[in-house]
Amino acid sequence: MSSVYNQFGHQVPVTTVMAEPNIVFGIRDKKIILGLGKKKISKKTENTYLKIAGFPPRFIKEVTLKNETSKEQKTSEIPQENSQQNQEVAKKINLGDKITVSIFEPGDEVKVTGTTKGKGFTGVVKRWGFAGGPKTHGQSDRHRAPGSIGMGTTPGRVFKGKKMAGHLGNSKLTVTGLEVIEVNEDKNIILIKGAIPGPKDGFLIIEKTGKVKSYTLPPPSEEKQTAAEGLLHPLRHVAEGEPRQWRVEDEASGEASEPRPESWEKEAKADEKEETKGTKELKEKEENEDAKS
Numbered sequence: 001m002s003s004v005y006n007q008f009g010h011q012v013p014v015t016t017v018m019a020e021p022n023i024v025f026g027i028r029d030k031k032i033i034l035g036l037g038k039k040k041i042s043k044k045t046e047n048t049y050l051k052i053a054g055f056p057p058r059f060i061k062e063v064t065l066k067n068e069t070s071k072e073q074k075t076s077e078i079p080q081e082n083s084q085q086n087q088e089v090a091k092k093i094n095l096g097d098k099i100t101v102s103i104f105e106p107g108d109e110v111k112v113t114g115t116t117k118g119k120g121f122t123g124v125v126k127r128w129g130f131a132g133g134p135k136t137h138g139q140s141d142r143h144r145a146p147g148s149i150g151m152g153t154t155p156g157r158v159f160k161g162k163k164m165a166g167h168l169g170n171s172k173l174t175v176t177g178l179e180v181i182e183v184n185e186d187k188n189i190i191l192i193k194g195a196i197p198g199p200k201d202g203f204l205i206i207e208k209t210g211k212v213k214s215y216t217l218p219p220p221s222e223e224k225q226t227a228a229e230g231l232l233h234p235l236r237h238v239a240e241g242e243p244r245q246w247r248v249e250d251e252a253s254g255e256a257s258e259p260r261p262e263s264w265e266k267e268a269k270a271d272e273k274e275e276t277k278g279t280k281e282l283k284e285k286e287e288n289e290d291a292k293s
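Read in UniProt numbering, the sequence shown has 66 at position 66, and its numbers run on one by one without any break.
Everything labelled a hint here was simulated from the structure, so no lab data went into it. Check each hint, because a few of them may be wrong.
What the hints assert, rightly or not - The calculated label-pair distances, taken between Cβ atoms and stated as ranges, are: (1) Lys213 <-> Thr174: 16 to 26 Å; (2) Ser140 <-> Lys200: 51 to 61 Å; (3) Pro13 <-> Thr115: 41 to 51 Å; (4) Pro106 <-> Glu62: 26 to 36 Å; (5) Ile93 <-> Asn188: 40 to 50 Å; (6) Thr153 <-> Lys61: 18 to 28 Å; (7) Thr64 <-> Lys213: 38 to 48 Å.
Quick reminder that beta carbons are idealized off the backbone N, C-alpha and C, glycines included.
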């Protein structure tokens, strides 16, 4: 996980995904076969990939062509596999073509499918969040026990779906409603808001589902911006080079009052001079008394 700052200065948590170009290794009637990564040749059947890309892919995935209909038209979201649009797309795709991150844009809503991290055999406390038994009152080995798992003679069995200890993780998980924050085509990097399943260097399937409709803060207006500048400090100078005028914040209304006249500043300076004169006279008297003594 990392974080970036958007144009409004808000910190957004993101996950950096390295999306290498996918190569088209096969074209079917309604599907295409995509390959990703490289690996050593281990079977003779993999020699067919050498003719297309020059290397066998590490991952192979068969993708079904879907009809891209906007939700605003209120049409059926069920993909129409036999549509004319799919046939036109299939005609434009050729063997060896590369599909890059350029198909994504900032603001796209995507769903990410991956394999979660494997945790091995775990108990009910870690697997399901059970509280366990009491820590005192004679309990010696019931701290992390599941407790009762069912009734007695009737029904005489444990119901299906009972939460018990077992294997945790290493399973397929799909997270929907994620947002694409940034796309770097030069480095083949996608920044996705939030967390996604799987460990580092894991295999992911990213599908675009539409555009994010979340609320974004508008830029501040000129009126609010000027008013905020006047309230940055209770006493602030309006502009350099101009006569010294001060804005005073009204605590009751929270608004900046009108600048005070220049006469007020002159009176304040005169008071300061009188204070300095008085302090000097007192110092001189003290020095004279010390000299006489």
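A quick look at each hint next to the structure:
Restraint check, Lys213 to Thr174: a C-beta distance of roughly 20 Å satisfies the suggested window 16 to 26 Å. Taking 51 to 61 Å as the suggested C-beta distance range, the pair Ser140 and Lys200 does not conform, at roughly 41 Å. Between Pro13 and Thr115 the C-beta distance comes to about 22 Å, which lies outside the given range of 41 to 51 Å. Between Pro106 and Glu62 the beta carbons are some 29 Å apart, a value that agrees with the proposed interval 26 to 36 Å.
Hint check: Ile93 to Asn188, Cβ distance near 20 Å, so the stated range 40 to 50 Å is violated. For the hinted restraint 18 to 28 Å between Thr153 and Lys61, the CB-CB distance of approximately 51 Å leaves it violated. Distance hint for Thr64 and Lys213: a CB-CB separation of about 26 Å, inconsistent with the stated range 38 to 48 Å.
This entry does not satisfy hints 2, 3, 5, 6, 7, going by the numbered hints stated previously.
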